[in-house]
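2 protein chains.
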Amino acid sequence: MSTLPEHVRIRDVSLRDGLQIEDPIPLSAKLELLAAIAATGVQEMEATAFVSPSKVPALADAPELAAHLQEYRDSHGIEFSALVASPNGAKRAIAAGLSSIEYVVSAADGHSRANVGRTSAEATALIPEIIAIAHDSGATVEVIVATAWDCPFDGPTPHQRVVDVLSTAVQHDVDRLAIADTIGTTTPRRVTETVEAVSPLIGDIPLGAHFHNTRGAGLASAYAAVSAGVTRLDASVGGLGGCPFAPGASGNIATEDLVYLLRDSGIGVDVDLPAAIDAAAVAQRLVGHDLPSSLLRAGDRILG
Amino acid sequence: MSTLPEHVRIRDVSLRDGLQIEDPIPLSAKLELLAAIAATGVQEMEATAFVSPSKVPALADAPELAAHLQEYRDSHGIEFSALVASPNGAKRAIAAGLSSIEYVVSAADGHSRANVGRTSAEATALIPEIIAIAHDSGATVEVIVATAWDCPFDGPTPHQRVVDVLSTAVQHDVDRLAIADTIGTTTPRRVTETVEAVSPLIGDIPLGAHFHNTRGAGLASAYAAVSAGVTRLDASVGGLGGCPFAPGASGNIATEDLVYLLRDSGIGVDVDLPAAIDAAAVAQRLVGHDLPSSLLRAGDRILG
Chain A
1 MSTLPEHVRI RDVSLRDGLQ IEDPIPLSAK LELLAAIAAT GVQEMEATAF
51 VSPSKVPALA DAPELAAHLQ EYRDSHGIEF SALVASPNGA KRAIAAGLSS
101 IEYVVSAADG HSRANVGRTS AEATALIPEI IAIAHDSGAT VEVIVATAWD
151 CPFDGPTPHQ RVVDVLSTAV QHDVDRLAIA DTIGTTTPRR VTETVEAVSP
201 LIGDIPLGAH FHNTRGAGLA SAYAAVSAGV TRLDASVGGL GGCPFAPGAS
251 GNIATEDLVY LLRDSGIGVD VDLPAAIDAA AVAQRLVGHD LPSSLLRAGD
301 RILG
Chain B
1 MSTLPEHVRI RDVSLRDGLQ IEDPIPLSAK LELLAAIAAT GVQEMEATAF
51 VSPSKVPALA DAPELAAHLQ EYRDSHGIEF SALVASPNGA KRAIAAGLSS
101 IEYVVSAADG HSRANVGRTS AEATALIPEI IAIAHDSGAT VEVIVATAWD
151 CPFDGPTPHQ RVVDVLSTAV QHDVDRLAIA DTIGTTTPRR VTETVEAVSP
201 LIGDIPLGAH FHNTRGAGLA SAYAAVSAGV TRLDASVGGL GGCPFAPGAS
251 GNIATEDLVY LLRDSGIGVD VDLPAAIDAA AVAQRLVGHD LPSSLLRAGD
301 RILG
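Residue numbers (the numbering used here), protein chains in the order written: chain A, 1 to 304; chain B, 1 to 304.
Chain A on its own, in the form it takes in the complex:
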């Protein structure tokens, strides 16, 4: 049996990845959800994205939302990040007060072109500029490798593409890295193989992983990642966040389901389970449809 870490840092991505493909909800509703998630004890949140408002209308209020984050930095110590897809997005995020930038690069050309109109190599070539913009302003950068296992257009992603993106980021002093199963197709064995293969390349740079539960294997993949040494995982309350390539399917792995599994494995987390279930219920009410979370239906373990 692998050695499990003592603690896993969960980053809640409800407000960005979770809401991204939902019909836009008002800023007041986002602030209600933010408050509920902050109450879970989570220490990192992906707050929004600075991308094209016409392409992602649900996150068009990024600057307005960003103006509300300082109170949670002060009161809860939460670190907020925002996703960007270009140098201009990085500048906008920093101007709005974000000090932690996620730059997402699709390892597969098909998804990269559909998402940002660039090949993967072209998107990778922007890494140095984005890191420079952030570091010049005292901000940090996480490079996230999207479609790290499969692309909805190109099929399985060649492993070398993942290595190319990670290597470029490492060479330019990236602060954090992550690998993302953007369309929810990977499974634990492939996760183990990828994490073990890239670990020597990235050295001491923190590596996170991002899974969707689209085909039911999200938690199994998360546990495989943790067993292979990953100590940072993304999740959303309720499992918010669908997949544009699989309408009606599950979204991100649910924060509360992940907390249940990790806690039951003796791994420490920052997130309180009952508070996460409460936040999932808030999310479900605000988006107005059932969310796929298991704990939201089943509740915590029944103990006699």
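Simulated from the structure, these hints should not be mistaken for laboratory data.
By construction, the Cβ of each residue, glycine as well, lies at the ideal position given by its N, Cα and C atoms.
Pair by pair, the computed Cβ-Cβ distance ranges are: (1) P5(A) - P206(B): 32 to 38 Å; (2) G41(B) - I205(A): 42 to 48 Å; (3) S54(A) - P24(B): 50 to 56 Å; (4) G229(B) - A95(A): 53 to 59 Å; (5) P5(B) - L201(A): 27 to 33 Å; (6) G203(B) - A197(A): 34 to 40 Å; (7) L27(A) - E6(B): 51 to 57 Å; (8) E6(B) - G266(A): 29 to 35 Å; (9) G266(B) - A35(A): 43 to 49 Å; (10) V163(B) - G266(A): 18 to 24 Å; (11) H289(A) - G203(B): 49 to 55 Å; (12) G266(B) - Q171(A): 30 to 36 Å; (13) G77(A) - P53(B): 57 to 63 Å.
Selected chain B positions facing chain A (Cβ under 7 Å, derived; list incomplete): (14) T185; (15) T187; (16) R189; (17) A217; (18) Y223; (19) A246; (20) Y260; (21) L261; (22) D264; (23) R297; (24) A298; (25) R301.
Rough simulated footprint, nothing fancy, chain B against chain A, three-plus residues with beta-carbon under 8 Å: (26) 209-221; (27) 240-250; (28) 254-268; (29) 284-297.
Since chain A is already given, all that's left is putting chain B on it; use the hints.
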């Protein structure tokens, strides 16, 4: 990384565990579901249970259903089993033509009393008699340890109780064994620990595992079991089969979700994935409500 097996035998339990807490459906509907599941290529099915018709009305037609199994033995080579909870149930199953008996023993007293009106030790004490009944008729017996991790009444199950049930079965020449997460609370680390702990005790006797996805960790637990050497897993098409202690929660792990994960891990299975998704759709139509299967919504992996 653990060594994964080359092949995992999936037993479809849709007709028994899947339908057990559903409103009863007509025999004709069960036969339609049986035909759809047989078309998946699965080689073992839990067909029904010979238990009190008043306690489990959904399976009151066990003898009538059993009369239809021979054609699938002949045409598809499927091995059918039936669950029993007493020596009398074993006799009824054998009289109905079943040659494979599952005797379920709850390792926890609370669940055992609620389920069969006996303590776990009293239920364990019936193992020799049930094995004798079966073997005298040329039938085989699998002893299934229910509530192997947690009981809805007693909390965590003492590991020694699981060992006691397994040991008694081994001493009396049981043919197969299984450990069951009856209420869907276990997680991969505990699964690994239990499988590793009981493996020396059971030697060469085939060991299966049975998981519910009630708290989202069913597939993660199944993968942990397989990684620890288990090569027999129960599943139901669509994830049929709720939990009486968590109304509205998910049921058994879904056959098609399990097949997707195992196939993607390079592990051979008897079950064809598109046929399993078709059978899940049949199950959903017959029970008349949404089933929790992921693949039923997301479909197979999208390959460009």
